[in-house]
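Asker: Each chain, written out:
Protein chains: 2
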Amino acid sequence: MNGQIFKPQSKWTSGLDDIIISSRIRLARNIKGFPFPQRLNSRRAKEILDIGEQAVAYLSQKTKHLYSFYRLQELDQQKKGVLLEKHLISPPLLASELPTAVAVREDEAVAIMFNEEDHLRIQCFLPAGQLAEAWRLANKVDDILSEKITYAFDDKLGYLTACPTNIGTGLRASLMVHLPGLVIIKQAAPLFDSMPRLGLTVRGIYGEKTQGLGNLFQISNQVTLGQNEEEIINKLNSVVDQVVKQEKESRKKLQENYTNELYDSICRSYGILANARTISSEEMMEQMSLLRLGLDMGVIIGITAKDINELMLAGQPNFINESCSKIFNPSQRDWERAKLIRKKLRSIRVGEE
Amino acid sequence: MNGQIFKPQSKWTSGLDDIIISSRIRLARNIKGFPFPQRLNSRRAKEILDIGEQAVAYLSQKTKHLYSFYRLQELDQQKKGVLLEKHLISPPLLASELPTAVAVREDEAVAIMFNEEDHLRIQCFLPAGQLAEAWRLANKVDDILSEKITYAFDDKLGYLTACPTNIGTGLRASLMVHLPGLVIIKQAAPLFDSMPRLGLTVRGIYGEKTQGLGNLFQISNQVTLGQNEEEIINKLNSVVDQVVKQEKESRKKLQENYTNELYDSICRSYGILANARTISSEEMMEQMSLLRLGLDMGVIIGITAKDINELMLAGQPNFINESCSKIFNPSQRDWERAKLIRKKLRSIRVGEE
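Quick note, the sequences are listed as chains W and E, same order.
Numbering that gives the first Met the number 0 puts the first residue of the first sequence at 0, with every later residue one more than the last.
Numbering that gives the first Met the number 0 puts the first residue of the second sequence at 0, with every later residue one more than the last.
The following block holds chain W by itself, in its conformation from the complex (with noise of 0.2 angstroms):
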């Protein structure tokens, strides 16, 4: 087993742009002559995870990648929660109860998981704003694949997916955006509510429930039938380089008129994630956002965005049972959080006025 996959590192993690964490693409296959995973049996499931390896030991080999096939039946609960809080694999193929599988490219640019709602979906994540590299990326791996399997497909409808709304390219485009200007200037909800309109869909970090933490959030196309990869991906990059663009003036304009107040609560932001010796995850997230602002006005200083991701994910609860080696209580999490977080603020510095 890679011991690299249960570290608070990852392809994605490594951007240092402060408003475009990463860039996602996820593709929706299935093999032709099986059912789709609801109505798969517990043999037929098997039998896709073999077809699934044998055709990912190609990819390794036709890519000079090392990848790990992880069966999730042979994880425990925690590794689990690791890989799924990295992103790596979604709530929906952990709820299975069939045999699944995720595999993952050594850097983990690439995931490709098996019966979930399709029997493949092939993920690349890249760091920042780099839809069309990842792109470029999940086709490569695409191509590869459908060499060693016959995917389910119609030459009217495209790719054949269990869900209508993934049928045609099973393209699915995100960038994980941090927008904390125009969620302090009240300016995010109006704007996503837009969204929908635009074909495209907001959700949280990790899903609909965070919706918001960390000021964080997941942009994404909402459908892909009657849309080639390159308009769902254009469109997309354009709509986010309207969020950006937003982002930035909001930033400016609190700079301009709030100055002292948004330099305090950055300042408070730091203090009290160096200092406190407990610390919940959802606070974690808000006071961690308030830190990358203060990266961006040059407040904060000695840390990267790239620092402040490995930290975000290291502060997750499975992490920290992870890395510790128990499993704790809520409440032992939220010592041992705030320790780590404690710990890897060392090196920073506020900027003096």
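Check before you lean on any hint, since a few could be wrong.
Said to hold, decoys possible - Covered stretches of chain E (chain W as the covering partner; in silico rule of three or more C-beta atoms under 8 angstroms from a C-beta of chain W):
hint : segment
1    : 250 to 264
2    : 274 to 284
3    : 326 to 337
Keep in mind the hints are simulated off the structure, nothing from the lab.
Even for Gly, the Cβ is constructed at its ideal location relative to N, Cα and C.
Chain W is fixed; fit chain E onto it per the hints.
Answerer: Chain E in isolation, oriented as in the chain W frame:
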């Protein structure tokens, strides 16, 4: 003018106790042949200041202590504010339209107000729990002054005072106590409710309006008639002994049942004080109460109760204006206050668990 008086050190701030901050004795005296101040005209009020100044000169000579005699009408608003924040003068003295004055001993253990509610109010301030010592000092000052001043005195009633509650000994004894433990476990209010029955009264650090601010309380006797000085002082001491005992028990209880929460709160207060860029005097008082509690618990290292007393004074509005030789608006003052606190807390460390 004695410059020391505008520095945030005073005799009463020099205590190292983190429950009983300071002790204060006040004697109300009036001069025979003059109406009480509420019926005094400006000319006669000035006569009292002249008598007072001569008597203080005699006191100075007899005790080998330097006294400064400040006529309030000659001081600007900020300097008067500083005297108030140091407790050397009272709000009524500041508000009076008569010629008023205060004579202050060089170590600020003695401050005599002229033309407050009574012609003379002899105040003695000592650090920590030293009521009896403060009383002895006040008594000595009173004796010496009486060699030069003929007090209004009635053989049956004792010293005559403007307000009947002060008739008799004219003595008010007060202890300033810090009770965060009782406040946190919500036992302070019921305790204070029982005080009037014991003939005692509880106020905030700067009077009624500041009740509970920074978990600091002044406990004093309410009436003086029919009791001698020793009775008053002994009763106050014995009640406050009980309060101190209960405060210690409540801290012990908190440490046993909420160690982590308490430790976390103290460390967060430190983190905020050491990093905030803008802070109101109210928040300063609140956060410093936790810092003071942290001293007692050994969590906060590198600072003493004396340092905290002085910082608390230095952070008061008039002190900030005075020390920067400027008249700031409230938001500028909050900025300067945060700057001052950060500077003073540099030496502090937080003990690691």
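Asker: All hints, please: hold or fail.
Answerer: Here is how each hint holds up against the structure:
1. Remark: the segment 250 to 264 of chain E is confirmed as covered by chain W, as 4 of its residues place a Cβ nearer than 8 angstroms to a Cβ of that chain, reaching the required three.
2. Against chain W, the segment 274 to 284 of chain E contributes 4 residues with a C-beta closer than 8 angstroms to a partner C-beta. That satisfies the three-residue criterion, and the hint holds.
3. Counting residues of the segment 326 to 337 of chain E whose beta carbon lies closer than 8 angstroms to any beta carbon of chain W gives 3, which reaches the threshold of three, so the coverage claim holds.
Checked against the numbered hints given earlier, this structure breaks none of them.
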